[in-house]
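S.K.: Sequence:
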Amino acid sequence: MVSALAAPLVTPVVALPLMWLLPARLDEVDLLMATFFGFVFSLAYGYVGMLLICLPLFALLGKLRRLDAIRLCLGTTLLGAVAFTWVLSPEPPTVPALLRIFFFNAACSLAVCAFFCVLAEIRIRPLART
Numbered sequence: 001m002v003s004a005l006a007a008p009l010v011t012p013v014v015a016l017p018l019m020w021l022l023p024a025r026l027d028e029v030d031l032l033m034a035t036f037f038g039f040v041f042s043l044a045y046g047y048v049g050m051l052l053i054c055l056p057l058f059a060l061l062g063k064l065r066r067l068d069a070i071r072l073c074l075g076t077t078l079l080g081a082v083a084f085t086w087v088l089s090p091e092p093p094t095v096p097a098l099l100r101i102f103f104f105n106a107a108c109s110l111a112v113c114a115f116f117c118v119l120a121e122i123r124i125r126p127l128a129r130t
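Position 79 of the sequence shown, counting from 1, maps to 79 under this note's numbering, and the rest follow consecutively.
Hints listed in this document are in silico derivations from the structure and should not be mistaken for laboratory results.
Note that the coordinates shown come from a computational prediction; the quantities given were computed from them, not determined experimentally.
Misleading hints may appear alongside valid ones.
[Said to hold, decoys possible] What follows is a set of in silico ranges between Cβ atoms, one per label pair, in the way DEER data are often shown:
id, residue 1, residue 2, range
1, 32, 95, 27 to 33 Å
2, 82, 40, 20 to 26 Å
3, 64, 33, 41 to 47 Å
4, 51, 103, 20 to 26 Å
5, 96, 32, 24 to 30 Å
6, 35, 121, 29 to 35 Å
7, 28, 70, 38 to 44 Å
8, 65, 4, 19 to 25 Å
9, 95, 13, 26 to 32 Å
10, 99, 34, 20 to 26 Å
11, 41, 96, 17 to 23 Å
12, 56, 28, 38 to 44 Å
13, 17, 119, 19 to 25 Å
Even for Gly, the Cβ is constructed at its ideal location relative to N, Cα and C.
Could you build all of it, start to finish, from the sequences and the hints given here?
M.R.: This is the structure in structure tokens:
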């Protein structure tokens, strides 16, 4: 499935601008290094999320005959944000840091899933049952 391989490529497009909006004091060299590692990490993040969250949910919704883009995007966004926030949260979690990480992960998960739905031509609404 080409769409599952291509969809995570959108993750750096969403993650890098969001990363630059986070408050940090970096000089030019540090910003260049952070951009490189942010690109590599977000690409890996996109493929892991596609493999572990989006594709299993896609298969489950398809098996239940409830597959549509809204359900898939909503489920992937919520599951991806919760799962990756749990993995990436700082040791003593503070509420602002947790919310920042949660919304960052939700935005990346939604972008990957929405792009996957476009590439896989998943309908916004399911077909009427006959």
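S.K.: Could you say whether the range 24 to 30 Å given as a hint is met by the Cβ separation of residue 96 and residue 32?
M.R.: Taking Cβ atoms as reference, residue 96 and residue 32 lie about 27 Å apart, which means the hint holds.
S.K.: Indicate whether the distance between the beta carbons of residue 28 and residue 70 respects the range 38 to 44 Å.
M.R.: Since the Cβ atoms of residue 28 and residue 70 sit about 42 Å apart, the hinted range of 38 to 44 Å holds.
S.K.: Using the beta carbons of residue 65 and residue 4, state whether their distance is inside 19 to 25 Å or not.
M.R.: 20 Å, holds
S.K.: Quick check on a hinted range of 20 to 26 Å for residue 51 and residue 103, using CB atoms only.
M.R.: Holds, at about 23 Å.
S.K.: Mind checking the hinted window 17 to 23 Å against the Cβ distance between residue 41 and residue 96?
M.R.: 22 Å, holds
S.K.: With respect to the beta-carbon atoms only, verify the hint that residue 32 and residue 95 lie 27 to 33 Å apart.
M.R.: With a Cβ separation near 31 Å, residue 32 and residue 95 satisfy 27 to 33 Å, so the hint holds.
S.K.: Given the hint of 26 to 32 Å, is the C-beta distance from residue 95 to residue 13 inside that range or not?
M.R.: 28 Å, holds
S.K.: 20 to 26 Å was suggested as the range; check whether the CB atoms of residue 82 and residue 40 agree with it.
M.R.: Hint holds: Cβ distance 24 Å, inside 20 to 26 Å.
S.K.: Would you say the C-beta atoms of residue 99 and residue 34 sit inside 20 to 26 Å of each other?
M.R.: 21 Å, holds
S.K.: Is the gap between the beta carbons of residue 56 and residue 28 within 38 to 44 Å?
M.R.: 42 Å, holds
S.K.: Given the hint of 29 to 35 Å, check if residue 35 and residue 121 actually sit that far apart at their C-beta atoms.
M.R.: 33 Å, holds
S.K.: Does the Cβ-Cβ separation between residue 64 and residue 33 fall within 41 to 47 Å?
M.R.: For residue 64 and residue 33 the Cβ distance comes to about 45 Å; the hint holds.
No hint from the list above goes unmet by this structure.
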